[in-house]
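Please arrange chains R and S on chain W, whose structure you already have, making use of the hints.
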Amino acid sequence: MNAGFLFFIQLVVSGIALGCLYALIAIGFVLILKATDIMNFAQGEVIMLSAFICYFLVTTFHIPFLAAVLLTGIAAGLMGIVTERLILRPMLGEPVFAVVMVTIGLSIFLRSMAGILFGHNNLVFPSPFPREAVKMGGIVLSQTEIWIMLSSLVLVTVFFLFFKYSRMGLAMRGTADDQDVALLMGISVKQVFALIWAVSFATAAASGVFLANVMVINLGLSSVAISAFPAIILGGLESIPGAIIGGLAIGIIENLAGGYLDQVIGGGVKDVTPFVVLFLVLMIRPYGLFGKKEIERV
Amino acid sequence: MAIRSKTFHESYREDIKLFETIWIKFWIGLFLVVLSVLPLIGDPYIVYLINLSCIATIAALGLNILTGFTGQISLGHAAFFAIGAYSTAIIADRLEVPFWICLPASGVLAACAGLLVGVPCLRLKGLYLAMATMSFGVVVEFVVITWENVTKGVRGMSVPTLSLLGFSLDSNNKLYYFLIVLTALAIIAATNLMRTRVGRAFIAIRDRDIAAEVIGVNLTQYKVMAFVISSFYAGVAGGLYAYVMEYIHPEHFTFLLSVQYLAMIIVGGLGSILGSVFGAVFITVIPEFIKALAQFLTLLFPVLQDKYDDGWNIAAFGLLIILFLIFEPKGLSGVWMRIKTCFKNWPYTY
Amino acid sequence: MEFKKMKRVLIAIALICLVVSPALAERGVTKDTIKLGLILVKTGPVAALGLPDGHGMVDYMRYLNDQGGVHGRKVEVIWEDDEFQAPKSVAALKKLIHRDKVLSLITTGGSNQTIANMKTINKYRISNIPNALMREFFDPYQPYIFAMGATYECQYQCIVDYIFDDMKAEKPRIGVLYAKKEYGKIGLKAIRERAKAYGVDLVSELVLPTGAVDASSQVLTLQKNRVDYVITCDVLPPVISFLKTAEKYSYKPKAVFGFNWATDDMIVKACGKGAENYIGVNFVGGWGDDSPGMKLVRDIAKAYGRDPKSLGLTSLYIHGVGASYLFGEAFKRAGKDLNPDSLKAAFETFQDVDTGGIFPPLTYTDKSHAPPEMVKLFKADVPNKRLVSITDWRTPKKID
Chain W
20 MNAGFLFFIQ
30 LVVSGIALGC
40 LYALIAIGFV
50 LILKATDIMN
60 FAQGEVIMLS
70 AFICYFLVTT
80 FHIPFLAAVL
90 LTGIAAGLMG
100 IVTERLILRP
110 MLGEPVFAVV
120 MVTIGLSIFL
130 RSMAGILFGH
140 NNLVFPSPFP
150 REAVKMGGIV
160 LSQTEIWIML
170 SSLVLVTVFF
180 LFFKYSRMGL
190 AMRGTADDQD
200 VALLMGISVK
210 QVFALIWAVS
220 FATAAASGVF
230 LANVMVINLG
240 LSSVAISAFP
250 AIILGGLESI
260 PGAIIGGLAI
270 GIIENLAGGY
280 LDQVIGGGVK
290 DVTPFVVLFL
300 VLMIRPYGLF
310 GKKEIERV
Chain R
77 MAIRSKTFHE
87 SYREDIKLFE
97 TIWIKFWIGL
107 FLVVLSVLPL
117 IGDPYIVYLI
127 NLSCIATIAA
137 LGLNILTGFT
147 GQISLGHAAF
157 FAIGAYSTAI
167 IADRLEVPFW
177 ICLPASGVLA
187 ACAGLLVGVP
197 CLRLKGLYLA
207 MATMSFGVVV
217 EFVVITWENV
227 TKGVRGMSVP
237 TLSLLGFSLD
247 SNNKLYYFLI
257 VLTALAIIAA
267 TNLMRTRVGR
277 AFIAIRDRDI
287 AAEVIGVNLT
297 QYKVMAFVIS
307 SFYAGVAGGL
317 YAYVMEYIHP
327 EHFTFLLSVQ
337 YLAMIIVGGL
347 GSILGSVFGA
357 VFITVIPEFI
367 KALAQFLTLL
377 FPVLQDKYDD
387 GWNIAAFGLL
397 IILFLIFEPK
407 GLSGVWMRIK
417 TCFKNWPYTY
Chain S
102 MEFKKMKRVL
112 IAIALICLVV
122 SPALAERGVT
132 KDTIKLGLIL
142 VKTGPVAALG
152 LPDGHGMVDY
162 MRYLNDQGGV
172 HGRKVEVIWE
182 DDEFQAPKSV
192 AALKKLIHRD
202 KVLSLITTGG
212 SNQTIANMKT
222 INKYRISNIP
232 NALMREFFDP
242 YQPYIFAMGA
252 TYECQYQCIV
262 DYIFDDMKAE
272 KPRIGVLYAK
282 KEYGKIGLKA
292 IRERAKAYGV
302 DLVSELVLPT
312 GAVDASSQVL
322 TLQKNRVDYV
332 ITCDVLPPVI
342 SFLKTAEKYS
352 YKPKAVFGFN
362 WATDDMIVKA
372 CGKGAENYIG
382 VNFVGGWGDD
392 SPGMKLVRDI
402 AKAYGRDPKS
412 LGLTSLYIHG
422 VGASYLFGEA
432 FKRAGKDLNP
442 DSLKAAFETF
452 QDVDTGGIFP
462 PLTYTDKSHA
472 PPEMVKLFKA
482 DVPNKRLVSI
492 TDWRTPKKID
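Residue numbers (this note's numbering), protein chains in the order written: chain W, 20 to 317; chain R, 77 to 426; chain S, 102 to 501.
Note that these hints are calculated values from the structure, not bench results. Please note that a few of the clues may not be correct.
To be verified - Restricting the straight-line Cα-Cα distance to at most 25 angstroms, the calculated cross-link-like pairs of lysine-lysine (DSS-like) are:
1) S:Lys325 - S:Lys370
2) W:Lys154 - S:Lys175
3) S:Lys202 - R:Lys250
4) S:Lys325 - R:Lys383
5) S:Lys290 - R:Lys228
6) R:Lys228 - S:Lys286
7) S:Lys410 - R:Lys383
8) S:Lys290 - R:Lys383
9) W:Lys154 - S:Lys220
10) R:Lys383 - S:Lys480
11) R:Lys383 - S:Lys202
12) R:Lys228 - S:Lys220
13) S:Lys297 - S:Lys355
14) S:Lys297 - R:Lys228
15) S:Lys480 - S:Lys269
16) W:Lys154 - S:Lys290
17) S:Lys374 - W:Lys154
18) S:Lys353 - R:Lys250
19) R:Lys250 - S:Lys224
This is chain W alone, in the form it adopts within the complex (with noise of 0.2 angstroms):
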């Protein structure tokens, strides 16, 4: 293979590791925006606790690493749960800009908490991925990408089995599409918002390990969900495929800009070109490439 063919297809295969991660963080989000139409400001601030505590439980209470993960996801969970409970079912009702509001304010908070309680020094995760990359034909991977990669599909594939065949999903993706119905066909909506808050949550724990095994784990972690905003629209808002592929196309796009386009026009266009892309496609396809186009009859 020519070594400018193999460029690029490193460039793409860790493009795809990279969007793995943005993928993950954006079906986070689109959980809650699908079911409940709520832009959870505070993702970010999740994924950043759940790296420290999963970091605490491992080093400090030598919990294994799988161990420490699940605990995280079921901390990360509760947390969900609570949050539901405590701030966003007193805002039942009320205007979405407030709601919004609330979730800023929790990611305010909770920044601020992570600090009081995680102190503000840089953290390196004890990696339980040997370091040894994995070599194929040219191709060079790290055993965390793989693993990434790896439990991104099986997470993204109990997503699907979940909301096409378990009761529960059903009456998800029912509440979704619309409340009243859901109400009135015995779905308890109550318990179908706290536990998409759980799942969501414990997505962006998902997530948040990931990050912590690839980044130094700091406050600045949660700004990593801001990256992840222009996966979430690319796909469309209330798409969990739409979500998936956004992410891949963003990891993927933000590489290959890397690549070839810092070297030409230079200066940090690898950070700029997914909003450009973003920009783009919003003015073409103004719900995103998978989203609901609400049709208006007048």
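Positioned in the frame of chain W, the structure of chains R and S alone reads:
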């Protein structure tokens, strides 16, 4: 002789009057007097906070016109603010023209940017619009950092001192009156705007855009107009910010600033002029207030002195926003309305 | 008519306000105390830098007080958090001056905040040591800014010198990773010019964002361009990300360099073997250095319960102690009659002040507050998880 027990409106003109009763005039007058003597009593620290609040008020008014009145969510307000600030800095620095050219010019430049964003965003709604405006913010930040010949990039720019009729307003106490007057003008202009056809068209678009179009509101024209007016306000506020801070840097205008403006109008009250003022003051002053309170507490309980983590200040601020919105989703203007009716209807309050 | 009257009163009030200038009473010094301010970020993502620095400053002042204070006065430090935002920093400085009435500030924070505060600093004669290493702070002369720490230019010149002189590189392929911040831009320019002076052009100039999730595209590009000396102009977290990613792609340049904000034991703790080829420069001594100054730093940390393991960035703690040390020295020299002017004058008597290895020896005069342009180079000691100095203080060499 009829005794008026309450304010009744007998004509449409009366209904849309700027100052409803003589008492409102009185209170506003009293408030202005207090404001005007404040720099004599308060120290520069308080004056500076009021200056910041004034700037925030003007910017928040702009965002409220777009988001609160017209219903178009923007997460890119900081970008227009930045364009205003940089325009003022560049025009004042390079062309050495006085402020009365600089400020309107930066407003107009920001408004042009608003036009540039407003037109392609016509078809977008809700969160999609929020994200599109946010990407605009990211792009502006990138341009400001990269276009070094003009903006000096990450080195930041110094801004010449504002001079008014030969006086150089080189301190915050001197800028104070200038800012108060401009803020008052901005408030009056916004209030007046909302009483006109344009304002009513904005509100109609917010409430139901299709219905608005049916009754003859030109959606395209008014949506773009809302964008333009909003960014004009942001641009002027940005220019003032440049004068007050005397130094601007791309890091001053991040996404977080946009979120902060959104917070101001939501906490203050969407679609309320008074709400923008309340919200701006609240978000600017409350963190300092909490800090002072915390310092007072550590003086009271010296045990806390070494253990106290400043993170609590910010946590308290976040919690305050949450609790506040849970108990009063209409924001500060909702509280204000309730207090007002309470007094108005006294002793028959229920 | 009434309105007219009111207007007249208002104008009169306004004029009085314009005329009355703030009274300049003696601030912050009593018979037995000195009030000193400090603005450094305590909360948020940047607090990792602000906290250890501030702790160092506070701890040294405590140490000074426990030794009996200076001329019978105890030093009281008031630390304000600015959340790394210029508007809040300006507010904090106004509060410290007018509310707390401090004599001066140890530091007003980073470059952004210090420049925003410059006018107030000059007006109220606040002698301070900014945490920023830009030329603007001493060239041209700023009367109340006492710059400490080699400029970014100097640091990067020393790095390039090291590549050519000590590593004896022949036609090295140098690549730069920089952040889009002051230090990144200044660093990039300095490296480019220095390399040019040696007759070499840079092979790659890539941006490494501060919040980068991964550095794959950067590493791959460097690898493709066969860069064998990487110079980073970025803070710790992204440099760690880079080293880890480089290890993943088994990209092994001959050396990876970093400047003072990324020269900390943390980097070896974080990357382990990945940091093998890491070389950093700094203008403070290393934590393990065998010098009286560094022993003092270690003793102070121990005395006030700062465990180097949980302290965070030890290099910043050292910086903090050093900055306070200079203030203590100035207080001693200013004598009994302490005020903003005598404090400034005291600083200006510094002549090769020896901090015992915390900082290089430094000199301030009434014409120049330039920092000593000297740095040490450090190399990773992977088994002991720390950086060890491999050179003494050195300056960039003269190139014609």
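Each hint tested on the structure:
1. For the hint pairing Lys325 (chain S) with Lys370 (chain S), the CA-to-CA distance comes to about 28 angstroms; that exceeds 25 angstroms, so the pair is violated.
2. Restraint check for Lys154 (chain W) and Lys175 (chain S): not satisfied, since their Cα atoms lie roughly 64 angstroms apart, outside the 25 angstroms limit.
3. Our distance criterion of 25 angstroms between C-alpha atoms is met by Lys202 (chain S) and Lys250 (chain R), whose separation comes to about 22 angstroms.
4. Note on Lys325 (chain S) and Lys383 (chain R): the hinted pairing is violated, with a Cα-Cα distance of about 51 angstroms set against a maximum of 25 angstroms.
5. For the proposed pair Lys290 (chain S) and Lys228 (chain R), the alpha carbon gap of about 14 angstroms is at most 25 angstroms, so the pair holds.
6. Pair hint Lys228 (chain R) plus Lys286 (chain S) holds up; C-alpha atoms about 11 angstroms apart against a cutoff of 25 angstroms.
7. Distance restraint check for Lys410 (chain S) and Lys383 (chain R): the Cα-Cα separation of roughly 19 angstroms lies within the 25 angstroms cut-off, and the hinted pair is therefore satisfied.
8. Distance check on the hinted pair: Lys290 (chain S) and Lys383 (chain R) sit about 44 angstroms apart at the alpha-carbon level, beyond 25 angstroms; violated.
9. Using a Cα cut-off of 25 angstroms, the hinted pair Lys154 (chain W) and Lys220 (chain S) is violated, with the two alpha carbons roughly 58 angstroms apart.
10. Under the criterion of a C-alpha separation no larger than 25 angstroms, the hint pairing Lys383 (chain R) with Lys480 (chain S) is inconsistent with the structure, at around 36 angstroms.
11. Under the criterion of a C-alpha separation no larger than 25 angstroms, the hint pairing Lys383 (chain R) with Lys202 (chain S) is consistent with the structure, at around 24 angstroms.
12. At roughly 20 angstroms between alpha-carbon atoms, Lys228 (chain R) and Lys220 (chain S) fall within 25 angstroms of each other, so this suggested pair holds.
13. Note on Lys297 (chain S) and Lys355 (chain S): the hinted pairing holds, with a Cα-Cα distance of about 20 angstroms set against a maximum of 25 angstroms.
14. For a cut-off of 25 angstroms, the pair hint linking Lys297 (chain S) to Lys228 (chain R) stands: about 24 angstroms separates their Cα positions.
15. Taking the CA atoms of Lys480 (chain S) and Lys269 (chain S), the gap is near 17 angstroms; set against the 25 angstroms cutoff, the hint holds.
16. A distance of roughly 37 angstroms separates the Cα atoms of Lys154 (chain W) and Lys290 (chain S); the hinted pair therefore is violated under the 25 angstroms criterion.
17. Annotation: proposed proximity of Lys374 (chain S) to Lys154 (chain W) holds, straight-line Cα distance about 20 angstroms (limit 25 angstroms).
18. Between the alpha carbons of Lys353 (chain S) and Lys250 (chain R) the distance comes to roughly 60 angstroms, so the proposed pair goes past 25 angstroms and is violated.
19. Only pairs whose Cα atoms come within 25 angstroms are accepted, and Lys250 (chain R) paired with Lys224 (chain S) is accepted, the gap being roughly 15 angstroms.
The earlier numbered hints that this structure contradicts are 1, 2, 4, 8, 9, 10, 16, 18.
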